[in-house]
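One line per chain: the protein sequences are A, B, C and D, in this order. Sequence positions in the first sequence follow the working numbering and run 13 to 458. Sequence positions in the second sequence follow the working numbering and run 13 to 458. Sequence positions in the third sequence follow the working numbering and run 13 to 458. Sequence positions in the fourth sequence follow the working numbering and run 13 to 458.
For the record, the hints were derived by calculation from the structure and aren't laboratory data. Cβ atoms here follow ideal geometry from the backbone N, Cα and C, with glycine treated the same way. Wrong hints could be hidden among the right ones.
[To be verified] Below 30 Å or equal to it, Euclidean Cα-Cα: the simulated BS3-like pairs (lysine-lysine) are: (1) LYS305/C - LYS333/B; (2) LYS19/C - LYS74/C; (3) LYS30/C - LYS173/C; (4) LYS305/C - LYS145/B; (5) LYS194/A - LYS207/A; (6) LYS126/B - LYS126/D; (7) LYS74/D - LYS19/C; (8) LYS338/B - LYS305/C; (9) LYS74/D - LYS21/C; (10) LYS21/D - LYS74/C; (11) LYS305/B - LYS145/C; (12) LYS309/A - LYS305/D; (13) LYS166/B - LYS30/B; (14) LYS338/C - LYS305/B; (15) LYS74/B - LYS333/A; (16) LYS19/D - LYS417/D; (17) LYS305/B - LYS309/C; (18) LYS333/A - LYS305/D; (19) LYS417/A - LYS21/A; (20) LYS309/D - LYS305/A; (21) LYS333/D - LYS74/C.
[To be verified] To spell it out: a stretch of chain D is covered by chain C in this simulated footprint if at least three of its residues, at any positions, have a beta carbon under 8 Å from a beta carbon of chain C; those stretches are: (22) 51 to 62; (23) 70 to 82; (24) 280 to 289; (25) 360 to 373; (26) 407 to 421.
There are 4 protein chains.
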Amino acid sequence: MEERQLKRKEQIEPPKGKLGVLIPGVGGAVSTTFIAGVEAVRRGLAEPIGSLTQLGTIRLGKRDEYRIPRIKDFIPLASLEDLVFGGWDIYDANGYEAASFAKVLHRDHLDPIKDFLETIQPMPAVFDRRFVKNLDGNHVKPGTNLRAHVEALKEDIARFKEENGVDRCVMIWCGSTEVHLKAEEPHRSVEALQKAVDADDPRIAPSMLYALAALESGVPYINGAPNLTVDIPAFVELAREKRVPIAGKDFKTGQTLMKTILAPGLKARMLGLEGWYSTNILGNRDGLVLDDKDSFKTKEESKLSVLEYILQPQLYPSLYKNYYHKVTINYYPPRGDNKEGWDCIDIFGWLGYPMQIKVDFQCRDSILAAPLCLDLVLFTDLAQRIGMHGIQEWLSFYFKSPMHKQGLYPEHDLFIQLMKLKNTLRYLMGEDQITHFGLDYYMGDA
Amino acid sequence: MEERQLKRKEQIEPPKGKLGVLIPGVGGAVSTTFIAGVEAVRRGLAEPIGSLTQLGTIRLGKRDEYRIPRIKDFIPLASLEDLVFGGWDIYDANGYEAASFAKVLHRDHLDPIKDFLETIQPMPAVFDRRFVKNLDGNHVKPGTNLRAHVEALKEDIARFKEENGVDRCVMIWCGSTEVHLKAEEPHRSVEALQKAVDADDPRIAPSMLYALAALESGVPYINGAPNLTVDIPAFVELAREKRVPIAGKDFKTGQTLMKTILAPGLKARMLGLEGWYSTNILGNRDGLVLDDKDSFKTKEESKLSVLEYILQPQLYPSLYKNYYHKVTINYYPPRGDNKEGWDCIDIFGWLGYPMQIKVDFQCRDSILAAPLCLDLVLFTDLAQRIGMHGIQEWLSFYFKSPMHKQGLYPEHDLFIQLMKLKNTLRYLMGEDQITHFGLDYYMGDA
Amino acid sequence: MEERQLKRKEQIEPPKGKLGVLIPGVGGAVSTTFIAGVEAVRRGLAEPIGSLTQLGTIRLGKRDEYRIPRIKDFIPLASLEDLVFGGWDIYDANGYEAASFAKVLHRDHLDPIKDFLETIQPMPAVFDRRFVKNLDGNHVKPGTNLRAHVEALKEDIARFKEENGVDRCVMIWCGSTEVHLKAEEPHRSVEALQKAVDADDPRIAPSMLYALAALESGVPYINGAPNLTVDIPAFVELAREKRVPIAGKDFKTGQTLMKTILAPGLKARMLGLEGWYSTNILGNRDGLVLDDKDSFKTKEESKLSVLEYILQPQLYPSLYKNYYHKVTINYYPPRGDNKEGWDCIDIFGWLGYPMQIKVDFQCRDSILAAPLCLDLVLFTDLAQRIGMHGIQEWLSFYFKSPMHKQGLYPEHDLFIQLMKLKNTLRYLMGEDQITHFGLDYYMGDA
Amino acid sequence: MEERQLKRKEQIEPPKGKLGVLIPGVGGAVSTTFIAGVEAVRRGLAEPIGSLTQLGTIRLGKRDEYRIPRIKDFIPLASLEDLVFGGWDIYDANGYEAASFAKVLHRDHLDPIKDFLETIQPMPAVFDRRFVKNLDGNHVKPGTNLRAHVEALKEDIARFKEENGVDRCVMIWCGSTEVHLKAEEPHRSVEALQKAVDADDPRIAPSMLYALAALESGVPYINGAPNLTVDIPAFVELAREKRVPIAGKDFKTGQTLMKTILAPGLKARMLGLEGWYSTNILGNRDGLVLDDKDSFKTKEESKLSVLEYILQPQLYPSLYKNYYHKVTINYYPPRGDNKEGWDCIDIFGWLGYPMQIKVDFQCRDSILAAPLCLDLVLFTDLAQRIGMHGIQEWLSFYFKSPMHKQGLYPEHDLFIQLMKLKNTLRYLMGEDQITHFGLDYYMGDA
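Produce the entire structure from the sequences given, and follow the hints as far as they go.
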């Protein structure tokens with residue numbers, strides 16, 4: 013983007029019309045928790061806990077000015093009332109059936125909005141079992157011609173907009189983790205990508221077809237899985253051409269969230285790391301998919317690099333050069349959607365003396381992911397409206413593997429990510445950057 | 013301080029001569045671990061893990077400039093070679109005996125520096141058992157006349173400087189937690205304080221006599237315990253008058269350190285808090301002292317307020333208004349100095365669904381505290397040399413209950429504290445503040 | 013009892029008629045969970061998990077005979093169909109209201125049996141706030157005359173039997189923990205006790221009045237709390253005179269249950285113990301009562317002695333002489349009835365090398381206690397029917413502080429307790445004792 | 013064995029002469045910890061914590077007789093003074109070097125017995141890398157002729173006896189876990205086994221050659237690993253022929269020990285099990301070996317079956333039919349020999365309500381195994397001396413997968429195992445079996 017094309021301050025107008033939220037994997041646990049939750053909030057039945065856009069505040073100016081508006085009162089975002097949901101799934105269950113199957117939300121929360129949820133009917137999905145081995149669905153688009161799939165998806169998008177009177181759309185991938193792919197020749201440029209689609213190249217994953225359909229329709233794409241998808245030069249180029257935002261990848265929830273909280277804490281205090289063992293147990297469909305070792309490889313890479321970037325062993329060799337990092341995920345049905353992560357962290361302090369931290373995080377996967385979906389949809393729509401296209405690095409806060417410009421390292425530290433996000437908002441609205449420098453309060457008091 | 017009197021950039025000269033480190037409680041576990049560690053590092057036998065001044069780096073300029081010097085190469089600090097240790101204790105054990113008794117460091121680390129440690133002979137302490145009920149020592153100054161005690165301490169300081177050829181001094185309290193005191197009449201002004209000392213007022217704690225002796229000798233005072241000591245108007249006034257820095261209070265180690273890492277993480281993600289139960293077990297002398305409920309009260313206050321300030325319930329009533337926070341400390345001899353903290357944290361997310369975090373931190377009290385002592389001594393000496401007197405809020409990073417200017421709230425978030433510290437250093441050396449704003453990297457790339 | 017008076021084998025007839033279950037504290041969490049559960053099981057809506065009488069089996073004869081009947085098919089016990097519930101409470105809520113307030117069972121379990129639960133109307137309780145400081149109720153019998161209270165309770169019992177057509181009764185205390193009492197003069201004999209009741213002696217707790225009313229009515233008394241109550245010579249004497257069983261004390265659930273599982277394991281393997289730190293958090297009414305330090309003292313004694321008896325330091329001084337044992341209970345409302353216990357156990361093995369065990373038990377107080385109530389009621393009724401009066405040591409399995417004959421030590425090891433219980437049943441039915449001796453299987457195979 | 017051939021009571025004479033302890037894997041962590049420990053105990057430098065033979069007592073007669081001798085004073089066992097150690101290893105390090113490498117015992121424990129440990133020189137081992145893929149040693153017997161290996165081992169045994177003036181021997185396998193083998197044709201009979209050895213059959217593991225050499229030399233064989241080895245009909249037959257005891261398999265330490273403590277506790281209380289997830293991290297050579305999935309399969313089978321036998325789902329379908337059991341082992345170098353096991357146990361109680369138990373066992377593999385070696389050597393020698401040959405089921409207490417007679421199920425419950433062991437000792441010495449029946453104490457007191 014160019015600065016002069018970026019709208020700022022009073023140029024940023026309140027959004028008008030409806031915002032379509034298009035979700036590949038619309039019948040999954042995360043999607044249904046997200047959708048049902050938005051509706052419950054709209055009806056005043058629950059609160060959007062975990063959502064920065066809805067509950068977060070932003071400090072402006074000096075500490076003693078006490079100017080701390082809510083983020084949504086500070087910068088014009090789409091309102092919950094204007095969201096319209098749709099999407100694709102390999103199972104044809106409607107939103108109520110799918111949410112009931114997911115067993116994340118209680119009957120007490122689902123029943124009052126049953127009427128609404130039943131209106132969410134998934135469109136047939138583009139699916140290829142080579143990419144997700146442990147699942148099988150029958151609500152899929154026929155044939156194996158990739159270009160035909162892209163065109164069908166684009167028609168789906170157009171029809172959805174028309175049928176729902178939708179003004180703008182955002183696509184957010186809440187589907188499964190695909191098998192591990194590396195960026196290769198067909199991913200190097202828009203031209204190569206288009207050629208590969210035409211050639212039904214096996215290195216083109218279904219998620220890439222969704223992204224292509226989105227970008228060609230002028231719709232931003234958010235990648236909630238660790239899939240490669242838009243994290244390739246071809247899509248970065250296409251996003252710039254079409255002036256559309258892209259964001260990803262892999263929602264940062266559960267154990268990795270915890271890791272990006274704790275690791276910055278250890279590093280702040282210059283405590284050394286000898287080893288970090290992480291095990292996860294979960295019993296939902298995500299756990300089943302990750303029981304396939306090819307899908308796990310995709311996830312594992314996303315999970316392992318986090319520490320490396322936060323701890324900067326090249327700067328702190330005596331602290332972080334040789335730590336042993338191991339991550340395992342186990343399918344464990346008794347846990348259901350209630351993922352549990354156990355971390356065993358071996359650190360060392362003064363003179364090298366060892367200490368240990370054990371963290372048992374009994375979390376809920378979809379409960380943690382749902383508010384991220386909401387925030388990402390609203391912030392990405394904002395970006396689209398004001399002309400911030402391409403990689404949205406300021407949204408790193410939400411991702412396990414934040415996309416970033418080539419030549420820059422990704423930022424994984426949750427606290428730096430939050431500061432980056434908020435200072436970006438301050439910049440957009442013409443407010444001073446916050447630095448937490450505080451010496452000025454203490455000057456001139458002699 | 014006034015800005016024009018503050019030395020900055022090239023005005024900040026490398027320190028010359030020796031720096032005396034005067035420690036009330038010099039024979040305790042923290043002190044001996046600190047002193048023995050510094051000597052071991054000086055002899056190349058170990059590394060000062062945990063010390064920001066020795067191992068920390070500071071990023072300057074833009075992310076892609078890769079200017080990241082070590083802090084100690086960036087701003088002139090006293091070198092470890094120039095530190096000379098002395099202090100007071102209620103037991104007359106020398107440094108080697110005291111360190112052996114503390115059982116923090118192994119024989120393997122103590123034996124090679126036995127010769128050095130044996131030279132650390134404590135001076136007789138000012139002690140009053142009403143303030144520390146579970147200890148009793150016999151290496152104390154005679155009499156109960158407070159003014160006489162202050163004068164004796166000042167003579168100790170002067171003699172120490174002369175005998176050791178010391179140029180500058182810093183006093184750092186590593187003694188026990190005293191019983192709980194509230195700021196009252198005798199603490200309101202320098203005049204009232206001096207009058208109370210003359211009157212042997214029972215509201216004047218021994219630690220205050222040390223602080224008074226320090227400040228009147230032009231020596232900065234660092235408060236490593238939760239004791240009231242310099243956190244009263246009288247000492248703030250005196251510090252300004254004498255142009256001496258004061259810092260405190262209560263070294264942030266163990267469970268509270270963990271709390272100020274985790275709580276900002278929960279808040280970053282707008283996750284609600286229903287309850288936080290913290291239990292500590294430790295078996296060292298500190299544990300014994302805190303088994304007295306009056307001393308515990310002092311500690312408890314220091315520990316409880318942390319969450320309140322980080323979570324800001326006034327801004328986030330739906331998330332943090334009604335959480336239940338409980339902290340207990342238990343004397344448990346099998347653990348020795350190896351403190352263990354167990355946290356049971358009840359949080360809630362999207363639509364109010366509950367989740368749990370359990371943290372078991374098997375840490376070592378003195379190992380965590382020793383590098384804080386080192387950093388605080390070096391940074392406070394820096395402050396003294398360049399004219400930053402009074403409360404050192406920029407050192408909040410190191411304390412459970414950071415001292416702060418009246419009318420400002422204390423900053424407890426470890427990550428904001430670190431940013432504050434580093435941006436202060438950047439300011440002092442004339443470098444730009446870091447804001448983590450990153451949009452500029454992405455502009456102009458169309 | 014005398015052996016010739018004890019009915020055995022075919023003398024043990026199936027019970028006839030209804031069995032009244034009389035519960036002081038009938039509106040509490042344990043009672044309502046017990047009562048609602050029995051009804052749910054009767055209606056086929058749930059299973060009596062945790063109940064030895066309902067689900068347990070008993071191996072008879074040799075391992076290769078495979079004779080393993082259910083306990084309830086082996087020895088004639090009252091059936092669930094024949095139980096009739098009643099009791100006293102200081103709050104006048106009916107069974108449905110009380111169960112809803114307790115928040116142990118979900119609406120899904122309570123609603124289908126609402127009609128039944130509403131029929132449980134508590135009789136006004138005998139209550140004295142000096143014995144339970146943190147509670148206050150208004151559904152109490154008037155006056156403070158102890159003898160009058162006993163008579164009123166006896167009338168309640170008689171009326172209950174008549175109104176409900178009940179054949180036999182058992183009283184089981186599910187009320188609160190009273191303040192700590194020691195066995196003193198008024199507890200030494202039946203005569204002294206009766207005199208003390210007449211004199212309104214303050215050492216006579218309300219629970220003793222219930223027990224007196226029960227025994228004088230020929231009704232067995234089971235003590236589910238750590239209260240002294242029947243664990244005094246006076247009641248042992250009275251039980252013998254009246255030929256009525258008594259059993260107690262303090263239901264073994266949660267952390268103490270875990271302790272009597274783990275400690276026998278450590279001892280089996282001759283692993284030494286250096287320390288055992290136990291902390292409990294719970295948020296129900298029980299937690300509130302135990303926040304009063306006098307009530308906690310009663311509980312603490314019950315909890316602490318367990319290890320001492322299991323580990324036998326007098327036999328194993330090198331292993332168990334000097335361990336440090338600490339138990340704390342904390343009121344922590346977020347946990348509700350879902351008690352959580354955390355144990356930190358410091359053990360040592362071969363040559364004294366230290367190891368650690370941490371156990372986090374996220375249990376549910378009433379869920380663990382309810383099946384104990386059921387078993388105790390049925391087994392105590394059996395004892396009554398066949399002439400086993402006085403202390404029921406064979407039921408030690410269910411109690412934190414098993415009552416026992418003077419001169420014998422109590423048995424705390426859960427596995428020995430279970431063996432004792434089952435071998436008692438085998439004895440009663442004329443089957444061989446099981447010894448787990450197995451050499452015979454291997455003999456004669458040459 | 014036949015009863016009339018079994019020596020009992022006064023026929024059991026105190027052992028005379030020296031007892032040779034022959035260890036395949038003599039240079040491993042378990043072996044060196046065992047050997048060094050015995051020597052340290054002999055010199056009065058440490059205590060044999062964890063050893064039932066050395067510290068255990070045995071109750072005789074009634075509870076109020078207080079006859080509770082030490083086991084070693086009750087039944088004549090070889091004394092520690094009479095043990096002589098030898099063995100084989102694929103590395104040629106002597107006992108001191110090997111123990112130092114293992115890093116289990118501190119320098120403080122090894123240095124005072126360095127002279128002794130250096131005398132332990134391993135004989136060259138029989139090794140075949142196809143059976144232990146992640147190790148490689150060079151101190152091995154040449155060639156691949158299996159019969160030649162057996163003969164070489166027999167010569168080693170004979171020479172060891174002669175050179176050390178040893179009267180009797182016991183062989184105890186402390187080597188690595190071999191890849192998974194199933195009992196097949198060559199394992200069906202002595203004849204088939206001998207034929208397979210002659211034919212260099214690849215289904216004959218190295219451990220079987222050791223066992224063959226031992227039994228043919230009249231030396232009992234104890235199997236400390238999960239290897240198949242003597243747990244096949246061929247060796248059971250051979251042991252009977254040669255009248256030699258065999259015992260196995262897989263020392264029960266760490267997480268499985270914990271499991272056989274906890275599972276009987278859950279079952280005692282009829283608490284249901286929904287899932288049990290166990291993860292292990294360890295960094296020693298054992299961890300490295302088990303990182304090979306074929307070796308892990310051998311271990312996994314040994315670990316998984318434990319629950320099945322204890323919980324008896326066929327008897328308790330509503331409690332134990334459908335639990336999900338998962339065991340993982342991870343090589344994690346920071347932990348060294350200090351194995352750590354984390355168990356996440358999902359149970360359910362009354363009406364099916366779920367509860368959770370988490371156990372973190374920070375143990376030390378070799379410290380737990382060493383006393384088992386000692387006990388097994390002494391008890392197996394006892395068995396040999398008194399004519400108890402073949403499978404020693406009474407020693408099930410020590411094994412993860414206790415060997416048992418065909419047609420009988422193995423006993424995994426630690427408490428039943430201990431009872432079995434002690435009642436066997438009582439039987440041998442002519443004492444009454446203990447049943448924990450206690451009603452007799454309460455009879456006749458009317």
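Here is what the structure says about each hint:
With a C-alpha separation of about 29 Å, the suggested pairing of LYS305/C with LYS333/B holds against the 30 Å cut-off. Between LYS19/C and LYS74/C the alpha-carbon distance is near 25 Å, which keeps this suggested pair within the 30 Å criterion. For the given pair, LYS30/C sits about 9 Å from LYS173/C by alpha-carbon distance, which is consistent with the 30 Å threshold. With a C-alpha separation of about 22 Å, the suggested pairing of LYS305/C with LYS145/B holds against the 30 Å cut-off.
Between LYS194/A and LYS207/A, the direct Cα distance comes to roughly 18 Å. Compliance with the 30 Å bound is thereby established for this hinted pair. A C-alpha spacing of about 26 Å is found between LYS126/B and LYS126/D, which places the hinted pair at or below 30 Å, so the restraint holds. Proximity of LYS74/D to LYS19/C is assessed by CA-CA distance (about 24 Å); at most 30 Å being required, the pair is judged to hold. As the CA atoms of LYS338/B and LYS305/C are separated by approximately 17 Å, the hinted pair is consistent with the 30 Å bound.
Distance check on the hinted pair: LYS74/D and LYS21/C sit about 25 Å apart at the alpha-carbon level, within 30 Å; holds. In summary, the hint linking LYS21/D to LYS74/C is supported, as the alpha carbons are separated by about 25 Å, within the 30 Å threshold. Taken as a hint, the LYS305/B and LYS145/C pair is honoured in the structure, with Cα atoms around 22 Å apart against an allowance of 30 Å. Note on LYS309/A and LYS305/D: the hinted pairing holds, with a Cα-Cα distance of about 18 Å set against a maximum of 30 Å.
Proximity of LYS166/B to LYS30/B is assessed by CA-CA distance (about 19 Å); at most 30 Å being required, the pair is judged to hold. Of the pairs offered as hints, the one joining LYS338/C and LYS305/B holds, with about 17 Å between alpha carbons and a cut-off of 30 Å not exceeded. Restraint check for LYS74/B and LYS333/A: satisfied, since their Cα atoms lie roughly 25 Å apart, inside the 30 Å limit. Only pairs whose Cα atoms come within 30 Å are accepted, and LYS19/D paired with LYS417/D is accepted, the gap being roughly 22 Å.
At roughly 18 Å between alpha-carbon atoms, LYS305/B and LYS309/C fall within 30 Å of each other, so this suggested pair holds. Our distance criterion of 30 Å between C-alpha atoms is met by LYS333/A and LYS305/D, whose separation comes to about 29 Å. Proposed proximity of LYS417/A and LYS21/A is supported: the alpha carbons are some 26 Å apart, at most 30 Å. Taken as a hint, the LYS309/D and LYS305/A pair is honoured in the structure, with Cα atoms around 18 Å apart against an allowance of 30 Å.
Simply put, LYS333/D and LYS74/C have alpha-carbon atoms about 25 Å apart, close enough for the 30 Å limit, and the pair holds. A count of 7 residues in the segment 51 to 62 of chain D with a Cβ less than 8 Å from any Cβ of chain C is obtained; the coverage claim is therefore met, three being the minimum. Residues of the segment 70 to 82 of chain D lying with their CB closer than 8 Å to a CB of chain C number 3, which satisfies the three-residue condition for coverage. Here's how the segment 280 to 289 of chain D fares: 5 of its residues keep a CB closer than 8 Å to some CB of chain C, so the rule of at least three is met and the hint holds.
Here the segment 360 to 373 of chain D counts 13 residues with a CB under 8 Å from a CB of chain C, which clears the bar of 3, and the coverage holds. Under a criterion of three residues with beta carbons nearer than 8 Å to beta carbons of chain C, the stated coverage of the segment 407 to 421 of chain D is upheld, 5 such residues being counted.
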